[in-house]
Structure formats: structure tokens, C-alpha cells
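4 protein chains.
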Amino acid sequence: MNDAGFRSKVAAFACEVYWGDCDPAGIIFYPTYFRWMDAACWAFLASVGYDARRMRAEHLAMPLVSADCQFLFPAQQGDRCVVRSSIARFGGKSFVVTHEVQRDDGMALAKGSETRVWGKFESGPGTRMRGQAIPEELKALFRA
Amino acid sequence: MNDAGFRSKVAAFACEVYWGDCDPAGIIFYPTYFRWMDAACWAFLASVGYDARRMRAEHLAMPLVSADCQFLFPAQQGDRCVVRSSIARFGGKSFVVTHEVQRDDGMALAKGSETRVWGKFESGPGTRMRGQAIPEELKALFRA
Amino acid sequence: MNDAGFRSKVAAFACEVYWGDCDPAGIIFYPTYFRWMDAACWAFLASVGYDARRMRAEHLAMPLVSADCQFLFPAQQGDRCVVRSSIARFGGKSFVVTHEVQRDDGMALAKGSETRVWGKFESGPGTRMRGQAIPEELKALFRA
Amino acid sequence: MNDAGFRSKVAAFACEVYWGDCDPAGIIFYPTYFRWMDAACWAFLASVGYDARRMRAEHLAMPLVSADCQFLFPAQQGDRCVVRSSIARFGGKSFVVTHEVQRDDGMALAKGSETRVWGKFESGPGTRMRGQAIPEELKALFRA
Numbered sequence: 013m014n015d016a017g018f019r020s021k022v023a024a025f026a027c028e029v030y031w032g033d034c035d036p037a038g039i040i041f042y043p044t045y046f047r048w049m050d051a052a053c054w055a056f057l058a059s060v061g062y063d064a065r066r067m068r069a070e071h072l073a074m075p076l077v078s079a080d081c082q083f084l085f086p087a088q089q090g091d092r093c094v095v096r097s098s099i100a101r102f103g104g105k106s107f108v109v110t111h112e113v114q115r116d117d118g119m120a121l122a123k124g125s126e127t128r129v130w131g132k133f134e135s136g137p138g139t140r141m142r143g144q145a146i147p148e149e150l151k152a153l154f155r156a
Numbered sequence: 013m014n015d016a017g018f019r020s021k022v023a024a025f026a027c028e029v030y031w032g033d034c035d036p037a038g039i040i041f042y043p044t045y046f047r048w049m050d051a052a053c054w055a056f057l058a059s060v061g062y063d064a065r066r067m068r069a070e071h072l073a074m075p076l077v078s079a080d081c082q083f084l085f086p087a088q089q090g091d092r093c094v095v096r097s098s099i100a101r102f103g104g105k106s107f108v109v110t111h112e113v114q115r116d117d118g119m120a121l122a123k124g125s126e127t128r129v130w131g132k133f134e135s136g137p138g139t140r141m142r143g144q145a146i147p148e149e150l151k152a153l154f155r156a
Numbered sequence: 013m014n015d016a017g018f019r020s021k022v023a024a025f026a027c028e029v030y031w032g033d034c035d036p037a038g039i040i041f042y043p044t045y046f047r048w049m050d051a052a053c054w055a056f057l058a059s060v061g062y063d064a065r066r067m068r069a070e071h072l073a074m075p076l077v078s079a080d081c082q083f084l085f086p087a088q089q090g091d092r093c094v095v096r097s098s099i100a101r102f103g104g105k106s107f108v109v110t111h112e113v114q115r116d117d118g119m120a121l122a123k124g125s126e127t128r129v130w131g132k133f134e135s136g137p138g139t140r141m142r143g144q145a146i147p148e149e150l151k152a153l154f155r156a
Numbered sequence: 013m014n015d016a017g018f019r020s021k022v023a024a025f026a027c028e029v030y031w032g033d034c035d036p037a038g039i040i041f042y043p044t045y046f047r048w049m050d051a052a053c054w055a056f057l058a059s060v061g062y063d064a065r066r067m068r069a070e071h072l073a074m075p076l077v078s079a080d081c082q083f084l085f086p087a088q089q090g091d092r093c094v095v096r097s098s099i100a101r102f103g104g105k106s107f108v109v110t111h112e113v114q115r116d117d118g119m120a121l122a123k124g125s126e127t128r129v130w131g132k133f134e135s136g137p138g139t140r141m142r143g144q145a146i147p148e149e150l151k152a153l154f155r156a
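Protein chains in written order, with our numbering: chain A, 13 to 156; chain B, 13 to 156; chain C, 13 to 156; chain D, 13 to 156.
Incorrect hints may have been included.
What the hints assert, rightly or not - Lysine-lysine pairs mimicking BS3-like chemistry, simulated, CA-CA at most 25 Å apart:
1) A:K123 / D:K105
2) D:K132 / D:K21
3) B:K151 / B:K105
4) B:K105 / C:K123
No lab work stands behind these hints, which were simulated from the structure alone.
Sequences and hints are given; from them, build the entire structure.
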């Protein structure tokens, strides 16, 4: 159980460091971690029944309030990784997801978090978006 | 006048090679050129009166049919460049844009082309998109 | 057997269209395909014994001469795909890889090619790189 | 003068939101801000005499310890922006850069920070990198 009292499922998102994800220092270019965290968050949603198709159909979105990441060990091309994501906290209209990135040998590479709003487009992608109270039914889907 | 008989304006799009655009070989990661070509094409449209705001308001889009690029000289971080874009050909619903990328000292870095459809979303971004006959008025805007 | 008489192995590289790979039209931003083709090419090399670690250790690189892609059908977030890569042709110091991108239901999304040089850094990444005659032993590894 | 007592210069880095920087919600895909912050940090270094060429020649690097960003207002394609960067704090071998992203009409879009190590490659990019005590002469270059 985390500080806020929510006992979250943990989702696993597999990824790999590609040549083009690395910089001239020969290690991962750090925005790559944020791309992974975003994709991992969408995969987490999909794992509980809210896949991309449903999110589109129901005009749902989850824009960011903030994001942060600590870089623990430099990843290199060819490193196979997993991002473990869990809900740290549900607020009224927002939620916090924490992400831990591990190399497949267990080495911790990075850990970060995203604070997002649960939002709905008025009439489809590109139109005005408003934050929604997160339904209890949705929260329940993430409970371990 | 190019092969197809269209004498096009030439637009200039300024860009720079950033650290994160380069790979472990210390040179530009090649998809960066395609990102530049895409941005240069939008800037070209904007320069003749079709900026992002108008494209959105009129539900216009220009999806790709194909793209290609030749890489002539390896660019490095800090290289300031310009992409010179021109219309190679207008078809019925499609058009071809050629792009030449030069470093600011005149060194040719890359040259490529994009074939695009002139399209319209049925009711805004994300909805079904259909190719449109390119209006003569639009073509005229690109004439040198 | 392809036109040039080289009967190539075919490698399969799995990938997925993420939220951040898509543009405001709700479909894949096209440079994503080139990122995939690059990663697929590295994976192809790895599959025959030249993984990232070995490429680094032996100071090997494979810079691009050109790349092209045709976009056949618009991919959307959540589409699971496979890139099938094969050697179209070996030249003296260069080679051509073709890539076919399919959605997991078999829909053809894109097909493209990369022409690359087989190169070696004089003394590690970032140093001067020279094209190398492609060893027959290397070519043999790709033979079906 | 900031909390840590360092009165920093403020560098301005111009950028623009491109089509490919945006996601299906029609707004900026958030890792773009981190790409900008990284580029802005390199530009800040360049502005005080440490450009990419010099960084390469002297085997210098500035790997990340952590990064964070708050997203204040959604940016759209075509928004012209400036990232204002300043040194928040110099530690022994690390430093903190803060970045404020504004749209050209003054709208605050995002603000974030990067904590970096001042590092040196043992023998060029790709080789082992070690943190270095930040020279007082370097710190002085950033003083307002």
C-alpha cells in the first residue's frame, strides 16, 4: 500500500534501447525515458480495459500536469528493459503514476512519475478537453 | 522551371542539429532529416497563407504517399542548416515537394522529396480524411 | 531470389504504434517508420551475430546513403506491427535492405529501403569512419 | 539572486512546435519539452564559450541526474516559443539548470529543471565518463 493508501496493480511494459535513442555519448538520450513512461502509461490503461480504441471512442485523454525522472544508470543500445508502472495516488480529477525502469538483468536504470488529468474531449480529439472526476469504477480497475 | 513545367517558389526553413538529434556515431540520426522535411513542408504552406491555424480551421491535411532522402554529408551537433523546399509537381490530388538541406557554409547535407495528398477531414482531426482536387488557386500561390 | 541474385534471410522486428508516434491527424507521424527501419536493420544484424555490443567493440557502423518509404495505409495508436527485413543487394562496400511493415492482421502499412555503407571507425565512435569491403563471410550470414 | 546565492545569466533558446511534435490530442507531446530543455542547455553552454565543437574537442559531457517539468498550458502546432534557461545552483560536480518555456505572446507553457554532472570522457565520446569538479572559471562564465 503506498502513502496515499492505494494498493495498485503493477503493469510491465517491455522496451529496448535502439541506436536512434542514444546520443553521441553512446548512452540513452534522456527524453527517451519520458517517451517510454508515456507509452507505459497507455499500456497500463489498456491492461485494465481502456485501450487506445476505447479511449478514442469515448473521447478520453490523460494530459500531463507534470513529469519527473531520476536517471540511475546509463542505458546503452541493445539494453532490453521493462517499465513497471503503478498508481501512486488518485486525486479528484488527477492521478499520479510511478514508473521504474529496469534492465533485464535487474539493474535499475531510472525511476520517475507522471501526474495526469483524466480528461474528456467535448467532441473528439482536437476539440476542447475538460478534466473529469475519476469514476470509482475506474479506480477499482487498478486495485491490486 | 522543373521537369513537370511548374516554376515553384522556394521556401527556406532554418534548423539546427541538436545533441539529441545525433546518434552514437556522433552524427545526425537520419530520421531527423524527415522530421525537418515535414516541418519545412508545413512552413512552406504557412508562407503562402496556409498556416497551422488555417489548416486546422479548414480541416485540411497533407498525408504522405512516399518520402525519400539521400544523405550527402554527415551533419554534426551544432550545424546550422537550411532546408530549401519547392514544388516539383502538382498532380490531381497529390503533389511532390523537394527539399535540399544545406549547412550554413553551403555544404550540401541531404536532398529528398515527399509525395503528399491534399486532404480534408470530414469533420475535424481524427475523423475520416479524403483526398481533394488541388484548387488552381492553391497551386497559383506556389508559383514563382 | 531477388533481382540481384541474393537470396536473403528475412528478419522480423516487432513494434507498436504509441501515442507519441502519432500526429494531430491521429495517425502515425511518418518519420516513425524510418526509426523502425533503422531499429529493424540493427536487429537484423544482431540476429546474424553482429549485435550492438559487437558492433561497438569492433568499431563497426553502417551509415546511410539513402532511404525511402511508401506509406500504404495509415497506422494508428495501438497497432501492433512487424517489420520484415531482407537484404536486397550487396555491393562492394554498400548494401541495400528492404523493409516491409505489416499490421498484425496482415494489413500492409509501409514498405521501404535503406542503402547503407559498411563502415569502420578509425578508433571508436565519433572518430573518422571509412567504408569497408563487405567480407564474404558477413554476406554468407545473411544467406537464406 | 536565487536561493543558492548564484546570480545567473539567462539564456534564450528559440523553438517552435512542429506538426510532428504534437500528438493525437492536437497538442505538444510532452517529451518534446525535455528535448527543448536539453537543446536549450547546450545552447546556454555555447553562449558562454562552450559550443558543441569545444565540448567534443575537450571530451566534455553533461549527463543527467534528474529532470522534471510542469506543463502549464497546452502548446499547439505553430506556437513560437522561447526557453529561458538559468543556473539555479552549482554543486561540486553537478549543477541545476532551470528552464521556463514561453509562447511568443508571453503565455507561460512549461517550466522545468535539469540536474546534470560536469563530466569528462576518458578518451573521447563513448568511452568511460567521470564527473569533474566544476572549475570556478566555468562558474564565473554564467554569472550575470
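For each hint, the structure was consulted:
| no. | hint | verdict |
| --- | --- | --- |
| 1 | A:K123 / D:K105 | holds (22 Å) |
| 2 | D:K132 / D:K21 | holds (24 Å) |
| 3 | B:K151 / B:K105 | holds (11 Å) |
| 4 | B:K105 / C:K123 | holds (22 Å) |
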